[in-house]
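Colleague: Letter by letter, the chains look like this.
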Amino acid sequence: MKPTWIVLRKELVDAFRDRRMVLVAFLIMPLAVPLLLAGMSSLGMKRQTEQLERTLELPVLGIDRAPNLMVWLGSNDVHVVPAPADPDAAVRDQEHEVILRVDEGYAADWKAGRPARVELIYDSSRPLQSGASIARVRALLEGYSGQVGTLRLIARGIHPAVGQPLLVASRDVATPESRFDLAQQMLPYLLLLLAFIGGMQLAIDATAGERERQSLEPLLTTPASRESIISGKILATAVFTLLSLVMTLLMYRVAFAIIPAERIEMSLEVPFRAMGWLLVVIGPVALLGATVLTALAAFARSHREAHGYLPLLIFLPMIPTLMLMVAPVKTQAWMLAVPFLGQNQLILRILRGEAISGVEWLINLGAGLALVAVVWLVAARLYHREQLAASG
Amino acid sequence: MIEVEHLRKSFGSGLREVVAVDGVSFRAEDGAITGLLGPNGAGKTTTLRMLYTLMQPDRGRIVVDGVDPAQDAGAVRKRLGVLPDARGLYKRLTARENIAYFGRLQGLDEATITARTNRLVAALDMGDFADRRAEGYSQGQRTKTAIARALVHDPRNVLLDEPTNGLDVMTTRAMRSFLRELRAEGRCVLFSSHIMQEVAAVCDRIVVIANGRVVADGTPEGIREQTGMANLEDAFVKVIGSEEGLFA
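Chains as they are written, first to last, in our numbering: chain A, 1 to 392; chain B, 393 to 640.
Keep in mind that the hints were calculated from the coordinates and are not lab data. All C-beta atoms, glycine included, are put in the ideal place defined by N, C-alpha and C. Where hints are given, some of them may not hold.
[As the list claims (entries may be wrong)] The calculated lysine-lysine pairs, modelled on DSSO-like cross-linking and capped at a C-alpha distance of 30 Å, are:
(1) 483/B / 470/B
(2) 2/A / 470/B
(3) 2/A / 483/B
[As the list claims (entries may be wrong)] Derived coverage of chain B by chain A (criterion: at least 3 residues anywhere in the stretch with Cβ under 8 Å from a Cβ of chain A; other residues may be distant):
(4) 444 to 450
(5) 495 to 504
[As the list claims (entries may be wrong)] Sample of chain A residues facing chain B (criterion: CB under 8 Å; computed from the structure):
(6) 10
(7) 18
(8) 170
(9) 215
(10) 217
(11) 218
(12) 221
(13) 225
Between the sequences and the hints, there should be enough to build the whole structure, so can you do that?
Modeller: Shown next, in the form of structure tokens:
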């Protein structure tokens, strides 16, 4: 046990003296993550409010067929302009988000009290860009329709409620914490990714780098067993990664404190208590990453070869996040035992402010640490190979 | 004391099998300097690597102070001070920190480490760079630091793989007198070299290795008599069978 502690201490001292490594782990990464998420989030928010508040320019085909409707639209912040000759093409080419076409028989139908026809031309394959505008025009048209309908009923001496047999009211049970946006969906993946490969530089340097700089062979001539040396290196990597993650979470907090969250009734902040729980979830992932990276570094013949396996490692934690995005499922106990999937679910639940039971913790942490143990055995075996140090 | 009997080690298998060490036997006594001399690729480094337990012999036996590394590799490593062929330092640590790291791994307490480091820094004349980070050390400074960290635990047996490799004349001379000091302290010193003058200058006993086998073993005088050559250089060429690699 004692040599492990000695190696751990030395590797951390060594790492913290590497200015480039410290800069990346404690400044660049902690800044990049919140900036990326905050940027995505505020951009989305800005777009939403802009689309709702700004004057909407609406091209209309057949303006003079429905003058009253045009006045109604105009009084609701819609600027009516004449439509281009080919409305379908204009929408498809994204020249306009939505175009309104008033039917030729509109005036005649209106006078006869028949439903008069109007047509919305839009492209549903671009919901992010034009969804808000389409919904806004639709709501205005329905509002106009409802208003005129009510007036017509009153004119005939009928109570307007007759035409409204159902009153649909809605009650949203979401708590502020559980209202998510895209940025929050990305957070678990980014946290898991950073935990998994954040220690890459240190782990590769401590094994492949040590071998390339010819200091591994002397190290192996000391009485310290290879198991304790490898454990020290793995623990140093995990500790370094977790410290970097703490920094990232703190930066994240600061970033989202600046964004006006109350405006959208959404909590983007991570309370300190939740941060503590997040670290408990992420801890085994950092340990797993450190062990996998150390095994890889022992397996690879050089620094360069070790870096070559990186794309594969980036992809691993992505799988469950992608799965959950495509097919959101209810958490089941067995999922908590699946690496990355389990942590992903727990992170989401911590961010949503949901309680996690002791059994669930046990399943997740137990499965995570068991996997670490298996990879550790592989890494230790790789460290016992004669080719490891004796390269020359 | 180090005893080696019928050591054999090969790499690869089948047609590509290369026998690096083929039945090497010798003894390195306490209070003496034993030189392992041979051309490049003769099997010196592989022999030493088996001695300091980095590799396991296919056959044969090693005994260090009565302990067999096959039984207790850790105990053997405690008794050895090793300067391997690879002598990389940790560049972001100072020489003293490099030495202390190995001292801790040898199980020494901090007071002992400080005392031993001070003695080695003085003996190897490292005062002017010992507290500077190893980044930018000269070859000689690197070798001295590597030797100091190998000896921090005061080992009875000292193994050095080509200790004067890449050193200038002054440092080489200092190294020789340091080896004599180690001998005077009663240690068993075993070092390998492909440079004949090097071995002739300090060794009490010479083991000549070529193609993985011991081709001569004895005192410098003994080897001269054995070969019937008046000159040691001619004697080496005769036992090795060619001049190849000897004067590289």
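Colleague: Please name the hints from earlier in the document that this structure breaks, with their numbers sorted from lowest to highest.
Modeller: 8
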